[in-house]
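Chain H: place on chain D using the hints.
Sequence order for the protein chains is D and H. The first sequence begins at 1127 in this note's numbering and counts up by one. The second sequence begins at 23 in this note's numbering and counts up by one.
Treat the hints loosely; a few may be bogus.
As the list claims (entries may be wrong) - Straight-line C-alpha distance at most 20 Å; calculated EDC-like pairs for lysine to aspartate or glutamate: (1) D:Lys1603 <-> H:Asp311; (2) D:Lys1618 <-> H:Asp296; (3) D:Lys1618 <-> H:Glu300; (4) D:Lys1603 <-> H:Glu304; (5) D:Lys1618 <-> H:Glu304; (6) D:Lys1603 <-> H:Glu300; (7) D:Lys1603 <-> H:Asp296; (8) D:Lys1383 <-> D:Glu1394; (9) D:Lys1261 <-> H:Asp256; (10) D:Lys1491 <-> D:Glu1427.
Hints in this document: simulated from the structure, not taken from any laboratory.
Read off the chains here:
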Amino acid sequence: MASTQARTVADTRPDSLWGRAPYPVLVADLRGVVVRCNDAAGLILPAAAPGASLTDVAPAWLCAAHTRIGSPGPHAVPADTEEALRGTIAGRRFEAHPTALGDGSVAWWLVDDTDHQLAREALLMERERTAFLAKASNVLLSSLNLGRCMDVTAQLAAESLADVALAIAPSRSSRLPVVTCLRGGTPVLADMSVDPDDVPGLGEALRGFPPVPSRWIDPAAAPAWLVPEGFGPVGSIVITPLPGHGVPAGALVLLRKAQTASFSSEEEVFARLFAARAGAAMSAARLYAEQTAITDVLMRELMPPALHQISGVDFAGGYRPSADHERIGGDFYDVHPATVEGEASLVSLGDVCGKGLEAAVLTGKIRNTLHALLPLADDHSRMLGLLNTALLNSHHARFVTLVLASARRRGNQVDLALTSAGHPSPLIIRADGTVHEADTRGTLIGALPAITAVTITESLAPGESCVLYTDGITEAKGGPMGDDLFGDERLKRALAGCVGMPAEGIVEHVQMLAAQWLGNRRHDDMAVVVISAPRTHHLSAVNGHTRGRFTA
Amino acid sequence: MRTSASPRLPRSAPLDQLAEQLWEAVSSADEYTATELVLRMLDDGADPEAVLLDVVAKVQSRVGEEWAANRISVAQEHAATAINERAVAAVSVHPAARTAATRGRITVACVDGEWHGLPARLLAEVLKLRGWRVDYLGAQVPTPHLITHLHNTRADAVALSSSIATRLPTAHAAITACQAIGVPVLVGGAAFGPQGRYAKLLGAEAWAPDARAAADHLAQGPLPRPQADHQQFDDLPHLSDQEYTMVARNSTSLVRHVFTALEDACPAMRSYSDLQRERTAEDLKHIVDFLATALYLDDEELFTWFITWTAQILQARGVPEMSVPPALVLLARELGDFPRAARILHAATRTLVTDPTTTAAGNAV
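In isolation and in its complexed conformation, chain D is listed as follows (with noise of 0.2 Å):
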């Protein structure tokens, strides 16, 4: 302190240092009146001078610290310094850092930190908006759903950009797709009957070619399906294109209240920044919706049919393609109803050579054979013969393996005809809890210039069962030990707890040991099939308003 008042006093003089030092300073008594000012104080506060008082000559907010310094007590600088010290001078923004002196009277040095602020300010800003862009790219990379990305876009934009935000899409029909989100609200979807081009602007940001800029359009010009209900008078609104990769994405429309400022050239931008990572997880999602339509057309044909009781059989199948991902593989069945009330339907199993999509292809040519070859369903030898031809004149390599089965209700009884083609045996399941294979074999097709078949006839008693497997099931590699094969014995010791079992509950459970037996190891597809004769004789137990179809 003693040095302080000594340096004051030695700086008292008008030419000293102090006096032409480049920051403001003011020295200001107890009572509040100005004893002394430098150049750069009079720059700033040209009313300041020796004696006038403070209150005269500076801004509230260091009128009022200073009395708060000066008041009694302790002389520290009040814990609320930082906004305290702190005010605007002519425009420009100052901290002020008192001293105090011995006399009561205290020194306020002055800095300009104007700069410093704005800086302080623009990185604030700029940290906000690339956290909310790093969010904004999160959510909508994560989702590959049209109407999810929509949703994301307008509350994303709702939420930083404006007081409503519209994501539009751009569409095929004559319904717009547009999803409105409030500030604070949740999204909404509602496909409109509206045309595109009486907004000025929307139809070309739709089109996404040519390019075109964000558009300002007058709040008046705007259709009322634009402005939510009850939003108010609309201060400004601006027109963003989703930009799309080659396909158009769509257009963001932002709506401000009167009240809210309207777009700056830095929300601009930053709103160009948003709109382009919207409009590429728009067009991704896009055409993400196109490739799936597409596979799903291509794939109908190949999936696994849902069976189903026909004409007082029992019908149910059960698929597991070798890669959890996929849906189809080189397994394959059918169930064909004969095309004449009273005789058999064929049911087909079999197994191509290999797995995967491109084994799929091929099973989906072998049931397109089988299902041309269904007029001689009642001869399977023959039947196997013209497929056998067919797979060697076609430029696949590979063969395949497979079982046909006729089965035909006769009174309760199902009468079978079962024919292996290099296949394992079909298995049945007796009312007494024997299970034995079917004694047919064969060689299998697409390999070989002529094939043998043997086929043998079977008659299932209500409540027995003819099961139809692939060796995938056979051959699952796991159990407790992780190296045993599930084998046929075990199979067979399964069905034989099966008797009686509704078909669809024969296909889970084979379905399940064996997925159990596998955990998580690798696996072939595995495909089972199983034939019942029902139980109780339901159908003649039914009037004409047949409840039994529901049953089936």
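Frame of chain D; chain H shown alone:
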């Protein structure tokens, strides 16, 4: 108008009584009687939701109890479930169950490896009755299929079902995958523990004890949107010790080692038939699976509960020779370097040797 020849039920027949009749039909694998029964209830004006939840679901939970108590075999359980499934299918196409979709869209699925599809199916039907548009994906849905489906549809939420606790690590992966693409998840099923404690642990947006509660929950308003930056690992920081990973990855060799050591420790095992040996190995496999799950969740109670239950089942099955405590001790020896696993195994062993209902099995060596 149906003109069924069978006598009509009295209109006032209480649902309990109907559930009893359905149980009779289901447990004797009589699908036609079962289906007739539920259809007649609907014809007589019963509320379809009540038929599904107070009759079919009740019978199904009894099926589960009978199986858990080892009174019916897995195959019988499957038969009963298949018949119940047919009853549900019959309800769903009955005119009384026809409802227009007035709400949003919900995807209902079972976790991969979960074969008990009926609870999820019941929920799907109840949600349809309440006016939701429902996509029911069925039992054991691989997570990639579920996610592909969600990309292709605009589901408001996913309802995920799992009944067996060992599926919880898979369920967790499915939950986080759904959340990562912005779809909130409601979970249900016995796997999620008493009061759904594991649902919270695994970060699901909601949990419901049964289909009715799930439908009520969804009716209250949309589930909260998942956080975009949520990481699967944040839910379970204890996984950093790698104990779960090691036990899950080496489960087969653990089973083998313990099995061999058990043969040395229990001479009776040497006279086992192949089937008995396989059963024993399967029991060991289940023990290791539950241990891995308990490590994943860091919950020793889960393992203790499973061990107590196993001991009781073994007793019911009449397999006193298979001794659980020695198996746990051998397992603990194999996992000597894993403190969490050791703690979990000790807690279970302690409970087993002090619990009067299991001491018979425990002391049988």
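Results for each hint:
About 18 Å separates the Cα atoms of D:Lys1603 and H:Asp311, which keeps this hinted pair within 20 Å; it holds. For the hint pairing D:Lys1618 with H:Asp296, the CA-to-CA distance comes to about 15 Å; that is within 20 Å, so the pair holds. Proposed proximity of D:Lys1618 and H:Glu300 is supported: the alpha carbons are some 16 Å apart, at most 20 Å. For the suggested pair D:Lys1603 and H:Glu304, the alpha carbons sit about 15 Å apart, so the restraint of at most 20 Å is met.
Between D:Lys1618 and H:Glu304, the direct Cα distance comes to roughly 19 Å. Compliance with the 20 Å bound is thereby established for this hinted pair. Distance hint between D:Lys1603 and H:Glu300 is fulfilled; the C-alpha atoms sit about 14 Å from each other, no more than 20 Å. Between D:Lys1603 and H:Asp296, the direct Cα distance comes to roughly 17 Å. Compliance with the 20 Å bound is thereby established for this hinted pair. In summary, the hint linking D:Lys1383 to D:Glu1394 is supported, as the alpha carbons are separated by about 16 Å, within the 20 Å threshold.
For the suggested pair D:Lys1261 and H:Asp256, the alpha carbons sit about 18 Å apart, so the restraint of at most 20 Å is met. Under the criterion of a C-alpha separation no larger than 20 Å, the hint pairing D:Lys1491 with D:Glu1427 is consistent with the structure, at around 10 Å.
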